[in-house]
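Engineer: Sequence:
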Amino acid sequence: MPCDTNENTSECYCELPNFKCANVGDGNLRHCYCKTSSGEMCAWFPQDCYELYNRGIRQCGVYTIQTTDPSQLRFSVYCNMTIDVFQRRRDGSVDFNQNWTTYEGGFGNLMGDFWLGNEKLCHITQQLKYKLRIDRFHYNYRALYSVYDNFVVLCANESYKLVGLNLLTGTLGTGEDGLINYSGKTFKTCDQHAGCECGWWCCYLGCRTNLNGQYNDGIKWAGYAKYSYIEMKMKPFST
Numbered sequence: 001m002p003c004d005t006n007e008n009t010s011e012c013y014c015e016l017p018n019f020k021c022a023n024v025g026d027g028n029l030r031h032c033y034c035k036t037s038s039g040e041m042c043a044w045f046p047q048d049c050y051e052l053y054n055r056g057i058r059q060c061g062v063y064t065i066q067t068t069d070p071s072q073l074r075f076s077v078y079c080n081m082t083i084d085v086f087q088r089r090r091d092g093s094v095d096f097n098q099n100w101t102t103y104e105g106g107f108g109n110l111m112g113d114f115w116l117g118n119e120k121l122c123h124i125t126q127q128l129k130y131k132l133r134i135d136r137f138h139y140n141y142r143a144l145y146s147v148y149d150n151f152v153v154l155c156a157n158e159s160y161k162l163v164g165l166n167l168l169t170g171t172l173g174t175g176e177d178g179l180i181n182y183s184g185k186t187f188k189t190c191d192q193h194a195g196c197e198c199g200w201w202c203c204y205l206g207c208r209t210n211l212n213g214q215y216n217d218g219i220k221w222a223g224y225a226k227y228s229y230i231e232m233k234m235k236p237f238s239t
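Per UniProt numbering, the sequence shown runs over residues 1 to 239.
Calculated from the structure, these hints are not laboratory results. Remember, it's a predicted structure, so these values are computed and weren't measured experimentally. Among the hints, a few may not be true.
Claimed, not checked - Capping the alpha-carbon separation at 16 Å, the derived lysine to aspartate or glutamate pairs in EDC-like fashion look like this:
1) K161 x E119
2) K185 x E158
3) K129 x E51
4) K131 x D69
5) K226 x D135
6) K129 x D149
7) K131 x E231
8) K226 x E51
9) K129 x D177
10) K131 x D91
11) K131 x D149
Take these sequences, add in the hints, and give me the full structure.
Structural biologist: Rendered as structure tokens:
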């Protein structure tokens, strides 16, 4: 497993699983490092949260990953054990009515409300086959979920088109397929599409599902609104 090291050495190989993770910076980001056979310390970056979990890390939190695409820079994600979380709505503290560029790069706080970023979704979902899980908490205190297979977001040249999405399982009632007919839709934002509310693959008033809509009343799933909590996340399909 190649690991970055100092400027004088292009790469080194760690004796995995002889590595550790520790909080760095403000304490929210966890940095993984390992020791080479010569005793040199170097950084190690998993390709997703599942790979981190497979190396024995069981603490949820923010970690740095690096996808298999060599052109993609490292970036931080929130790992819930094996799962990469890429969207969370829990208190309305972050405005999701953002433009194309902001949705492309991501915004918010990984420990709170956030959108990871379309470009990052593109690079994660094209390195393996992933499942998508969407957890929702309705105003009437119902905990709901939906799980899809083959979750893929294409890259910028395809306007971050959503493909795949076969419903595997979900909660009865308002847990029905809220993403039916969404495969093949391109991502849209208010600055590029008149009448679009926030950023989503269908963001107009008549859309039955928009999990990036205005907090609470504007967050919709299959025509139902008033969701107080949303979390979207992915993990490799084989797990």
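Engineer: Provide an ascending list of the numbers of those earlier hints which the structure does not satisfy.
Structural biologist: Checked against the structure, the hints that fail are numbers 4, 8, 9, 10, while the rest are satisfied.
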